[in-house]
Amino acid sequence: MNFLNVDLLIIGGGPAGLAAAYGAYNAGIRDILIVERDHRLGGILNQCIHNGFGLHRFKEELTGPEYAQRYIDMLKDTSVKVVSDSMVLDLSADRVATIMSSKEGLRKIQGKAVVLAMGCRERSRGAISIPGDRVAGVYTAGAAQKYCNIDGYLVGKRVVILGSGDIGLIMARRMTLEGAKVLADVELMPYSNGLNRNIAQCLNDFDIPLYLSHTVTDIIADEDNKRVKKVVISKVDENRRPIPGSEVEFECDTLLLSVGLIPENELSTKAGVILDKRTRGPLVKDNLETSVEGIFACGNVLQVHDLVDNVSAEGERAGLGAANFINNGEVKGDLVEAVPGEGVSYLCPQLITKEGEYVDLFFRVRTPTSNCKIVAKVGDKVVRSIPKIKVIPSEMESIRIKKADLLDKKVVVQLEAK
Amino acid sequence: MIKEFVCISCPRGCNLKVDTETLKVEGNSCPRGEAYGKAEVTNPVRTITSTVKIKGAESPRVSVRTDKPISKQLMFKVMEELDKVELKAPCKVGDIVIKGIFGTDVNIVVTKEMKGV
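Protein sequence lines, in the order shown, are assigned to chains W and H.
Residue numbers for the first sequence follow our numbering, beginning at 1344 and rising by one.
Residue numbers for the second sequence follow our numbering, beginning at -4 and rising by one.
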């Protein structure tokens, strides 16, 4: 079998992988290889043809493919190499990836450092156990988006969407513009999980009703073609249990699911990388190194993001972290643990090194909260406090802490009333 | 009259209050929000993103957009025009597909590079 050595091996050529390559290249690494399973770079951005990307990173509003092209162009005249149509089947703790492609066959590539940038996948009908008939016409929103924007197929004419995450909202508008009738967007929680701007421009612009505190309780098949004929939704109580008698029926042919994303960490696990139960991504230090020496992680494989601009920033940091590892070896010294407190569902990174002046901790709040403050505490001492008018779970928050203030074994970040 | 909107200019999504007579905008955090609020009560505009057919490329569709926002009322009419377009690979980001659609100063441009196969 063909065996190859590179300085930096990046698994995944989406926004995280591209930014990691860019970050490592700028830090002086020249022998970089990106392995991509699709035939082109850009990952999920290729099918996200809507605009709204890049306001932070490039100070202008771009579509997904345009944003991807920026990074592809930034790498164009560099020594960064790409192998596409190639699937990484296995990864070991000594950083050897087993890669399959129809052109090159099976080969092994070892990196002095590896960046995991595999992204995430959608939760499906099975993952949330929707009752009802087994039918054609039930798609995840992202799958419908790919069929529509890449392949040119509209998956249905009369559509109900479950979940109000951004992909679901974007697809409500997309399918409406392409001539489908979107009858309802149904959300289990009493608030939407998408950005406010997407509720405005994707639902309100087209008078699509949003049913909060509702869920799908039955799917009824068309006897002739075994496709969706009816979707039944019910109101739910405060424990998210359906309330009998509150059913509303929709005659439709399609149900789209936008019910959450799961980091795709099968390869990470094979390499022995420890995952955080809360993020479902690798447990990382602030240089984005996982529990396995020399293996780094960034983007949606690490924590599910809502803005690609944040993915790029994280990718560039992972690239820098990997470059420092290649040049100087493992970061030494004691680690400080970052612990989510009251009202905070996770913190990423979970461990903080002594290197550098400050650390940015990323997190999500548990429930929408108004007039509060985000507080970082070391022991009883408040080291940082940020007042907030409003925080919501669908928007990732961050807090910057000076490392000089981390004089204990752990720092707790929590939400407090103002 | 005061009308309320969620600003769509960026992911922040500020809650705007706009006086329909004086066009005074409140609740915005930046100048883009003020411009959006004013436009919403005078001539609401949207950027339209979609796809058109392409021949000789790796996939049968290529993504396109309006290069600036266009009147919200024209959204479905723009979609009808895009149905009639068929491009040939190769094409690159920024290539003009339709110049000055419906006599406006808005162009339809390609947003994805497509190599010929």
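Quick caveat, the hints were computed from the structure, so don't treat them as lab data.
Computed from a prediction, not measured in an experiment: that's the story for all the values here.
In this text, a Cβ means the ideal position worked out from N, Cα and C, and glycines have one as well.
Hints should not be assumed to be uniformly reliable.
[Said to hold, decoys possible] Calculated pairs, SDA-like style, for lysine to any residue (alpha carbon to alpha carbon, straight line, at most 25 Å):
{"no.": "1", "chain 1": "W", "residue 1": "Lys1752", "chain 2": "W", "residue 2": "Gly1686"}
{"no.": "2", "chain 1": "W", "residue 1": "Lys1402", "chain 2": "H", "residue 2": "Leu82"}
{"no.": "3", "chain 1": "H", "residue 1": "Lys87", "chain 2": "H", "residue 2": "Gln68"}
{"no.": "4", "chain 1": "H", "residue 1": "Lys83", "chain 2": "W", "residue 2": "Lys1402"}
{"no.": "5", "chain 1": "H", "residue 1": "Lys72", "chain 2": "H", "residue 2": "Lys110"}
{"no.": "6", "chain 1": "W", "residue 1": "Lys1489", "chain 2": "H", "residue 2": "Glu16"}
{"no.": "7", "chain 1": "W", "residue 1": "Lys1451", "chain 2": "W", "residue 2": "Glu1609"}
{"no.": "8", "chain 1": "W", "residue 1": "Lys1500", "chain 2": "H", "residue 2": "Lys87"}
{"no.": "9", "chain 1": "W", "residue 1": "Lys1675", "chain 2": "W", "residue 2": "Arg1660"}
{"no.": "10", "chain 1": "W", "residue 1": "Lys1489", "chain 2": "W", "residue 2": "Lys1455"}
{"no.": "11", "chain 1": "W", "residue 1": "Lys1761", "chain 2": "H", "residue 2": "Gly51"}
{"no.": "12", "chain 1": "W", "residue 1": "Lys1733", "chain 2": "W", "residue 2": "Asn1536"}
{"no.": "13", "chain 1": "W", "residue 1": "Lys1752", "chain 2": "W", "residue 2": "Lys1733"}
{"no.": "14", "chain 1": "W", "residue 1": "Lys1424", "chain 2": "W", "residue 2": "Arg1468"}
{"no.": "15", "chain 1": "W", "residue 1": "Lys1455", "chain 2": "W", "residue 2": "Ser1435"}
{"no.": "16", "chain 1": "W", "residue 1": "Lys1524", "chain 2": "H", "residue 2": "Pro39"}
{"no.": "17", "chain 1": "H", "residue 1": "Lys63", "chain 2": "W", "residue 2": "Lys1731"}
{"no.": "18", "chain 1": "H", "residue 1": "Lys12", "chain 2": "W", "residue 2": "Lys1675"}
{"no.": "19", "chain 1": "W", "residue 1": "Lys1489", "chain 2": "H", "residue 2": "Lys12"}
{"no.": "20", "chain 1": "H", "residue 1": "Lys63", "chain 2": "H", "residue 2": "Gly51"}
{"no.": "21", "chain 1": "W", "residue 1": "Lys1733", "chain 2": "W", "residue 2": "Lys1675"}
{"no.": "22", "chain 1": "H", "residue 1": "Lys63", "chain 2": "H", "residue 2": "Glu29"}
{"no.": "23", "chain 1": "H", "residue 1": "Lys(-2)", "chain 2": "W", "residue 2": "Asn1539"}
{"no.": "24", "chain 1": "H", "residue 1": "Lys110", "chain 2": "W", "residue 2": "Val1425"}
{"no.": "25", "chain 1": "H", "residue 1": "Lys48", "chain 2": "W", "residue 2": "Ile1415"}
{"no.": "26", "chain 1": "W", "residue 1": "Lys1731", "chain 2": "H", "residue 2": "Asn10"}
{"no.": "27", "chain 1": "H", "residue 1": "Lys87", "chain 2": "W", "residue 2": "Arg1468"}
[To be verified] A short list of chain H residues far from chain W (calculated; beta carbon distances all over 12 Å):
{"no.": "28", "residue": "Glu21"}
{"no.": "29", "residue": "Glu29"}
{"no.": "30", "residue": "Pro39"}
{"no.": "31", "residue": "Thr46"}
{"no.": "32", "residue": "Glu75"}
{"no.": "33", "residue": "Lys79"}
{"no.": "34", "residue": "Lys94"}
{"no.": "35", "residue": "Asp100"}
Right, here's what the structure says about each hint:
For the given pair, Lys1752/W sits about 21 Å from Gly1686/W by alpha-carbon distance, which is consistent with the 25 Å threshold. With a CA separation close to 30 Å, the supplied pair Lys1402/W and Leu82/H exceeds the 25 Å bound. Restraint check for Lys87/H and Gln68/H: the C-alpha separation of about 29 Å exceeds 25 Å, so the hint is violated. Proposed proximity of Lys83/H and Lys1402/W is contradicted: the alpha carbons are some 31 Å apart, above 25 Å.
A distance of roughly 29 Å separates the Cα atoms of Lys72/H and Lys110/H; the hinted pair therefore is violated under the 25 Å criterion. Between Lys1489/W and Glu16/H the alpha-carbon distance is near 44 Å, which puts this suggested pair outside the 25 Å criterion. Between Lys1451/W and Glu1609/W the CA atoms are separated by roughly 18 Å; this keeps the pair inside 25 Å, and the hint holds. Under the criterion of a C-alpha separation no larger than 25 Å, the hint pairing Lys1500/W with Lys87/H is inconsistent with the structure, at around 32 Å.
The suggested pairing of Lys1675/W with Arg1660/W holds, with an alpha-carbon distance near 18 Å, which does not exceed 25 Å. Between Lys1489/W and Lys1455/W, the direct Cα distance comes to roughly 35 Å. Violation of the 25 Å bound is thereby established for this hinted pair. With a C-alpha separation of about 60 Å, the suggested pair Lys1761/W and Gly51/H falls outside the 25 Å cut-off, and the hint is violated. Taken as a hint, the Lys1733/W and Asn1536/W pair is honoured in the structure, with Cα atoms around 14 Å apart against an allowance of 25 Å.
Straight-line distance between C-alpha atoms of Lys1752/W and Lys1733/W comes to about 30 Å, which puts the hinted pair past the 25 Å bound. For the given pair, Lys1424/W sits about 38 Å from Arg1468/W by alpha-carbon distance, which is inconsistent with the 25 Å threshold. Taking the CA atoms of Lys1455/W and Ser1435/W, the gap is about 13 Å. The hint holds against a cut of 25 Å. A distance of roughly 23 Å separates the Cα atoms of Lys1524/W and Pro39/H; the hinted pair therefore holds under the 25 Å criterion.
For the hint pairing Lys63/H with Lys1731/W, the CA-to-CA distance comes to about 33 Å; that exceeds 25 Å, so the pair is violated. Between the alpha carbons of Lys12/H and Lys1675/W the distance comes to roughly 53 Å, so the proposed pair goes past 25 Å and is violated. For the hint pairing Lys1489/W with Lys12/H, the CA-to-CA distance comes to about 37 Å; that exceeds 25 Å, so the pair is violated. Between Lys63/H and Gly51/H the CA atoms are separated by roughly 28 Å; this puts the pair beyond 25 Å, and the hint is violated.
Pair hint Lys1733/W plus Lys1675/W does not hold up; C-alpha atoms about 39 Å apart against a cutoff of 25 Å. A hinted pair counts as satisfied when its Cα atoms are at most 25 Å apart, and Lys63/H with Glu29/H qualifies at roughly 17 Å. Of the pairs offered as hints, the one joining Lys(-2)/H and Asn1539/W holds, with about 17 Å between alpha carbons and a cut-off of 25 Å not exceeded. Our distance criterion of 25 Å between C-alpha atoms is met by Lys110/H and Val1425/W, whose separation comes to about 16 Å.
For the hint linking Lys48/H to Ile1415/W, the alpha-carbon distance of about 24 Å falls within 25 Å, and the restraint holds. Among the hinted pairs, Lys1731/W with Asn10/H is consistent with the structure: their alpha-carbon atoms are about 15 Å apart, no more than 25 Å. Among the hinted pairs, Lys87/H with Arg1468/W is inconsistent with the structure: their alpha-carbon atoms are about 38 Å apart, more than 25 Å. Listed as outside the interface, Glu21/H is consistent with that label: its C-beta sits roughly 14 Å from the nearest C-beta of chain W, beyond the 12 Å cut-off.
The claim that Glu29/H lies off the interface holds: its Cβ sits roughly 16 Å from the closest Cβ of chain W, which is beyond the 12 Å cut-off. Residue placement check: Pro39/H does not keep its beta carbon more than 12 Å from all beta carbons of chain W (closest about 9 Å). Interface exclusion of Thr46/H from chain W breaks down, the closest Cβ pair being 6 Å apart, not more than 12 Å. Non-interface call for Glu75/H relative to chain W: violated, since the shortest CB-CB distance, roughly 10 Å, does not exceed 12 Å.
Look at Lys79/H: its CB is around 15 Å from the nearest CB on chain W, clear of 12 Å, so calling it non-interface holds up. Listed as a non-interface residue, Lys94/H keeps its Cβ farther than 12 Å from every Cβ of chain W; the least gap is roughly 19 Å. No Cβ of chain W comes within 12 Å of the Cβ of Asp100/H; the nearest lies about 18 Å off, and the non-interface call holds.
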